[in-house]
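Residue numbers (the working numbering), protein chains in the order written: chain W, 597 to 841; chain S, 597 to 841; chain L, 597 to 841.
Hints listed in this document are in silico derivations from the structure and should not be mistaken for laboratory results.
Remember, it's a predicted structure, so these values are computed and weren't measured experimentally.
It is possible that part of the hints are untrue.
For identical chains, the list gives no copy identity; a pair is met inside one copy or between any two copies.
Computed cross-link-like contacts, EDC-like style, restricted to lysine to aspartate or glutamate with a CA-CA straight-line distance of at most 16 Å [claimed, not checked]:
(1) Lys766 <-> Glu686
(2) Lys773 <-> Glu809
(3) Lys766 <-> Asp689
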Amino acid sequence: MKLVLSETKLIKEPITIINDLVNEARFKIKKDSIEMIAMDPANVAMVVFRLLGSAFVEYSVKEDVSIGINLTDFKQVLRRVKANDNLMLELIDNKLKITLQGASVRTFFLPLIELDEKEQKVPELKFKATVRCPSGILNDAIEDVEIVAESVSFQAEDKKFIIAASGDSKKASVEIKPDEFISIKTEEKTKSKYSIEYLKKMIQASKISSNVEILFSKDYPLKLEYKEIDKIQMIFILAPRMEGD
Amino acid sequence: MKLVLSETKLIKEPITIINDLVNEARFKIKKDSIEMIAMDPANVAMVVFRLLGSAFVEYSVKEDVSIGINLTDFKQVLRRVKANDNLMLELIDNKLKITLQGASVRTFFLPLIELDEKEQKVPELKFKATVRCPSGILNDAIEDVEIVAESVSFQAEDKKFIIAASGDSKKASVEIKPDEFISIKTEEKTKSKYSIEYLKKMIQASKISSNVEILFSKDYPLKLEYKEIDKIQMIFILAPRMEGD
Amino acid sequence: MKLVLSETKLIKEPITIINDLVNEARFKIKKDSIEMIAMDPANVAMVVFRLLGSAFVEYSVKEDVSIGINLTDFKQVLRRVKANDNLMLELIDNKLKITLQGASVRTFFLPLIELDEKEQKVPELKFKATVRCPSGILNDAIEDVEIVAESVSFQAEDKKFIIAASGDSKKASVEIKPDEFISIKTEEKTKSKYSIEYLKKMIQASKISSNVEILFSKDYPLKLEYKEIDKIQMIFILAPRMEGD
């Protein structure tokens, strides 16, 4: 295989974000895309990452291959990418070879690792509420309510999406209304609670997409989807917090 | 009551500065101004804060009220203020309601707290020496002499104001002379020592006023006053350090 | 003596860099230059610093003098230098007087200290390989390979200079080729290993010179030289790491 990426942030940002949730991951390098599905060690959050072959300058994969990588190591190499570098990925001698080509040529070899963990599958989920909005709006709202508590409630109703938190007799809430950039659809008034700690890691994906789709149901997992057509997709699934958590 | 502030730094910066000295404080919300007087837990420093009604876009207070607030909580809310937000303060259900209005509307509720501490009064003080200067000059001088010691001497004499420190056979001094921006008045050669740790917290008030008035006498408290006409006033009073401290 | 320096970074940056290697040092103030030679406490690295009289606005030394200075203290004073300040050095009452002259005049006195340590001499060394390159290229390469190990190998051969590291089945390497800005000369294929921790401190000298000369031989000390003609010179000598280190 030989993969050459010019828009290097499409791999640099996701690996940094995924590494906040898991330390090692299995990447499936297929003929048309790279795919990774991982569950965090506490079994609370799942992250799905797809980077399409069409995002690459050169994408040549002869047969599907599955490789385990230590993400902390991978992230450290990716931090060394400079603005105008091209990034090349190859498999050589059972190692991942990463070449950064700019003013100079730098090569890194990372060992492939065995992953005991069984292969993850994305669960089939159906949601009552769907909100689409600029990803910055979700980021701001999470950071606003973070002040008062460790969990946040997402509440969708007719023409209103409310992100709120309360604790120690403090309360915070952000009200988001539909406009040309924001759509809010819900079958019924829907409310559910999620961990702010996890959400803060996931919303970093605003770096790869200026929009986010937020899907949830009452006391049911949350799904956040960030994507750029023909390039990249990151999906996060987060277990709900029950009342009293 | 309903108070709407557009120039939000007039409350954001002072609360951050006051919180460096005390953790909780009582605010008197009067018909023409908000006032707070607090003593630090070590009884070494007093801070007085007045924010005039005329600084607000809307200032409506029906009757004077006195409320206790946890400043760390308040500061965290104020950190969420964005550049173009308006900030609204109300009292609702025995809570302080803070509304930030910008692209979105965010509301925060903070509990009012009971303060055992008796009401503070600003002591009447008379000073021999008075220096007025750009607040940045005082900041620089404190940071210059901080290198060599934990306490600093302020010394005023005819046409000269000297900020100096010494310790461990190291010495540092800054000499400030009167000019069109700096005035130095003293009845006699006057020298007194103060804690640099406290001063460093107080000089943060340079963020609300580009000038400071420095008043002191020999082995007597120091008074620093920062103000903007018709808007805001912050006064700090700091106990002296005796020789040998 | 009275020394006045306008290009203050010529003393500010070197003192910060030297202080990363040693805590106290002896400066010889001679009629034409200031010179300092110091060995780090672990006897692994030597640093030589020369600041020429011609770099100063005023350089007046009546007789050679040797003074011991605590570099942490000196560095803290130098941090207070502002962009347009002049810096004046004098010896008064067995102290080093440092005057910073800008909008205000600030004076600092630091004690001279006794140094037990015997006077250091720069060893005579002969090298097989010599590389000259922009100092930023060496910095980047060291930071690239730092990811995978604690020591780095420098390898010069015909028309190629390779900086590489390996450890824990990870590898990194940077290949540098001669061009109009880079010259690589070696008598034979030459390779040697050095500590990255020390190198990272030394390459900070890129702040005083945009070029560096790199000299080494197999299992032999490394010499890095940074200089600006008629102004300043910093030389670092670093003991090799043996294979297996």
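Now for the hints, and whether the structure bears them out:
1. Lys766 <-> Glu686: Between. Shortest inter-copy distance 15 Å satisfies the 16 Å Cα cut-off; intra-copy 53 Å does not.
2. Lys773 <-> Glu809: within (15 Å within a copy, 48 Å between copies)
3. Lys766 <-> Asp689: Between copies only: 12 Å across chains, 57 Å inside a chain, cut-off 16 Å.
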